[in-house]
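S.K.: One letter stands for each residue in the lines below.
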Amino acid sequence: MPVVEYAGSSIEVNDEGFLVDSSQWTPEVAEAIATGNGIDELNDQHWKVITFCREDAAKQGTPPGLRRISKNSGVNMKELYQLFPKGPGKLAAMVSGLPKPQGCI
Amino acid sequence: MKNFVILGAGTAGTTVANMLRRKLPSDWSLKIIDPDTDHLFQPDLIFIPFEMQTPEKTIRPRKGTLGKGIEWIQRPVQRVDADKNQVILDGDERVPYDLLVIATGSHIRPEETPGLLGDEWQKSIFDFYTLEGSVALRDALKKFEGGRVVVNTVEMPIKCPVAPLEITFLAESFFTEKGIRDNVELTYVTPLDGAFTKPIAAKALGGILDDRDIKVEAEYNASEVDVDRKVLRSYDERDIPFDMLITIPTHMGAGFIEESGLGDELAFIPTHRHSLIADNHDNIFVLGDATDLPTSKAGSVAHFQAEVVVDNVMHLIKGESPKAVFDGHANCFIESGYGRAMLIDFNYDQEPLPGVYPLPTVGPFPLLKESRFNHWGKLMFRHVYWHALLPGHPIPVPNHMSMVGKKRPGKLTTDAELAS
Ligand SMILES: Cc1cc2nc3c(=O)[nH]c(=O)nc-3n(C[C@H](O)[C@H](O)[C@H](O)COP(=O)(O)OP(=O)(O)OC[C@H]3O[C@@H](n4cnc5c(N)ncnc54)[C@H](O)[C@@H]3O)c2cc1C
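Quick note, the sequences are listed as chains A and B, same order. The opening position of the first sequence corresponds to residue 1 in the numbering used here, with each subsequent residue numbered one higher. The opening position of the second sequence corresponds to residue 1 in the numbering used here, with each subsequent residue numbered one higher.
These are calculated hints, taken from the structure and not from any lab test. This structure is a prediction, so every number in the text was calculated from the model and none was measured. A portion of the hints provided could be inaccurate.
To be verified - Below, in silico cross-link-like pairs of lysine-lysine (DSSO-like), each with a Cα-Cα straight-line distance of 27 Å or less:
| hint | chain 1 | residue 1 | chain 2 | residue 2 |
| --- | --- | --- | --- | --- |
| 1 | A | K86 | B | K203 |
| 2 | B | K318 | A | K59 |
| 3 | A | K86 | B | K230 |
All chains, please: the whole structure from these sequences, using the hints.
M.R.: Written out as structure tokens, the structure reads:
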């Protein structure tokens, strides 16, 4: 597994850049992942999403889907796409230090 | 007299009822509530469009599926009052319960996506998750001579998450056999980041769509259909034109779950992942497609869960704590066209691996790979479903997922071995 330097510490990530161990996540790690993926700066709206994703995943055992995020974080679908361009489900999970949203196969 | 009440007489509810009727002590009554006259074998919905099965053979009268000692109330549930331990039917009739099982499944909600239910519904836009949808698609495919065919999953979770892939493979093979494959552009459109998202499956099967010239549009979240232009739209404004759209619409739990305040934003019920007891109510069990659990919504899962629910019900009735544990076990045959199918077996923690199932070395079903055996297995499942699973008879496969017979591709396994 590749190891990357994020915010001064060495963090293990998988081939796609998702943290291998979610407990290694810190807000600084989130900032670093974000800048590496085309997000200039994490603003309050980003943090609403990240906070919800982390809390929800801790309960559910899986990263939340987009509808779940938009219904519960106070950030609507259109804005999710502005905040986390291209694939907000995947990118929000990555920045939140969670595994990639997956199907069963 | 104590009351045991089950909501929904589909795969899960029927199995639990038939298992419990032989086990409940005599001072318990057993009721099941479901408005539908017939029981539909849903896995056959993928075969009807291609005339590989007839609609008549996919349904049986529900009456015959419920054994002696089960009282069937043929009415829809309106609400559950969990504080009073009552199920509310139309006309405010109340059915009291001591223990309740909710097994009312997962249902498509095309109205959640603007344009789906417009003028093109069942003309050029089809679902195959309902009997009517599947039959309408069959009739359209009979007349279809070519064009852009788009298969789109609107959002996750859906029941039988492999069905969109299966319908795509079966369509591809159908067009080829009909001799019109060259006139068809086939696109698989998914909100996930690919057709295969688990690393080992992606490696073993990733090439199969390319080989069959099926295009993939990934990370696509459909927002609406422009009916006049026949275009599917996403939130990030990617337009996909179609001549035939096969949609897997948003799924939600039954309407009364919203009314009762029991569900999440998709009306799936927060459920303990191992005991299958509802998170906020310790006399309610939830199983099958109605839960919010991170495993597949599949008939095989409903079966494994039924065994766990029945064990835990019996523990509770004896005044013990619920000891049985569900591990997320699922297995699914995946039709891949041309008379073949694949098979996957997995749980909460273990992704699908190659190998054989259910017995080491002898199988006979190969995992994560196409074979005729698996296709026969899938067809054989019809028989198992009506004659063993629904009646609640034991089925000779282990409840918990086993690693026996599986191979984890490690450093010593080459790609060629994995593909062979
Ligand atoms: C196209 C397709 C292909 C599939 N292929 C496979 C496969 O190959 N293998 C596999 O394992 N699984 C497959 N499945 C999934 C499988 O059919 C389901 O996972 C399984 O039926 C779930 O059982 P259930 O009891 O939770 O829900 P269901 O069997 O759907 O039963 C729910 C019941 O609840 C009742 N109900 C709903 N609302 C109310 C109400 N308000 N009051 C009272 N009753 C109500 C309904 O009438 C229904 O009878 C497939 C499904 C589809 C749609």
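S.K.: Does each hint hold? Answer for all of them.
M.R.: Checked hints:
1. K86/A <-> K203/B: Given pair K86/A, K203/B holds - Cα atoms ~24 Å apart, limit 27 Å.
2. K318/B <-> K59/A: violated (30 Å)
3. K86/A <-> K230/B: holds (23 Å)
Checked against the numbered hints given earlier, the structure breaks only hint 2 and satisfies all the rest.
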